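Chemist: Could you build the full structure based on these sequences and the hints that come with them?
Chains as they are written, first to last, in our numbering: chain A, 1 to 138; chain B, 1 to 138; chain C, 1 to 77; chain D, 1 to 77.
It is worth saying that the hints were derived from the structure and are not from the lab.
There's no promise every hint is true.
Sample of chain A residues facing chain B (criterion: CB under 8 Å; computed from the structure) [claimed, not checked]:
#	residue
1	Asp2
2	Phe31
3	Gly33
4	Gln45
Computed from a prediction, not measured in an experiment: that's the story for all the values here.
Quick reminder that beta carbons are idealized off the backbone N, C-alpha and C, glycines included.
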Amino acid sequence: MDVLIDIKEEITVQEAVDFVTTPDCGGIAVFVGTVRNATKGKPVQRLFFECYTPMALLELEKIARHTLTEMGIRKIAILHVSGDKLPGETVVVIAAASPHRAAAFAACQYAIDTLKETVPIWKKEYFEDGEVWVAAHP
Amino acid sequence: MDVLIDIKEEITVQEAVDFVTTPDCGGIAVFVGTVRNATKGKPVQRLFFECYTPMALLELEKIARHTLTEMGIRKIAILHVSGDKLPGETVVVIAAASPHRAAAFAACQYAIDTLKETVPIWKKEYFEDGEVWVAAHP
Amino acid sequence: MKVLLFGIAKDIAGAPSITLDAAPEKVAVLREQLYQRYPRLRELRSCMIAVNKVYAADGDTLQPGDEIAVIPPVSGG
Amino acid sequence: MKVLLFGIAKDIAGAPSITLDAAPEKVAVLREQLYQRYPRLRELRSCMIAVNKVYAADGDTLQPGDEIAVIPPVSGG
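Modeler: This is the structure:
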């Protein structure tokens, strides 16, 4: 098993790193995304993540496979949360292992960049005076 | 406190990530280095890390400060092990937090690249038929 | 034909899914029907249609049993 | 003057530190003394000298109380 994909309420950095750790790869690059406490200076009280889960899992799997076949990655884990989250909490973890650390960094960055563009997950920000689906409007 | 530097027998990814997690930074890049089980096809049984600890801490601090002043990093943790390690065990963890994830990746890569060039830490590999200080000879 | 709606599209429609009387022949026709029923979908930065969990182009053909989803701008991560 | 040795330099010298009778005036002179005492140091890919925990250049001046260290090629990470 070289790919771990999951969407669930709680995720940890450790489970992603543990999955990709192999004695034949010296380098693991990881991206950890957390909830920011403000957007454009406005305090965010909490977030809500909605997922079209079956399609999101397929899109995450595509991203993961691309890093294995095209970017020199041996193992990759991509974990994303769903549901309510508070500032500081972890919302996404990507860990990529490669014999070459430059490849691991490149794959990790590719994975988070592509996730943010293509994976059907939506974030709603709750402010003191209302709520907004992020990036919905121009 | 925006910099965590340490050299000790056991390190974890989680302590580095926990240190740099702040509610005002959405992105954390991490590098995790582990012991490989072979060098040029030859099985490695164990490693030993020797450190000139006081100077190594100063060099690590320099690397960390550079990412804060020049690379847009808000918080960084650099942890390195000393002593005996087995294949698969973690030997170095670098975690960098920035509001911009590209900056976090760049800083993490800069830190591990520079660490490998300048920080006075030495790795000895133990094979079935002998031992070698890594990279000592041309 | 059942159509799933997510994020702000769900809020605009006021429901997580709606049912169309007939399956439009092409994605472009489906899109036009959705825009007429929910004009505020036009105001979104983008509005993709997924057919059977894969992003579809306007020229793609639809079958009655397809799983259709309205995908407003994603914002995961 | 005390000189700390690490990694393969420690193995070559057979000790983690040695004492020189007098403090050489410059790093270059110290380096030459070390090479004469331990010719195998010349075979290393590099051999840096640190003075008071900072990498030194051959032209740098030494003081009697300085903390000197022989830094063979590093291999951390």
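Chemist: For each hint, tell me whether it holds in the structure or not.
Modeler: Hint check results:
1. The beta carbon of Asp2 (chain A) is not positioned within 8 Å of any beta carbon in chain B (closest approach about 16 Å), and the interface hint is therefore violated.
2. At its closest, the beta carbon of Phe31 (chain A) sits 6 Å from a beta carbon of chain B; the interface hint therefore holds under the 8 Å criterion.
3. Proximity of Gly33 (chain A) to chain B holds as hinted, the smallest CB-CB distance being about 6 Å (cut-off 8 Å).
4. Because the closest C-beta pair between Gln45 (chain A) and chain B is about 12 Å apart, greater than 8 Å, the hint is violated.
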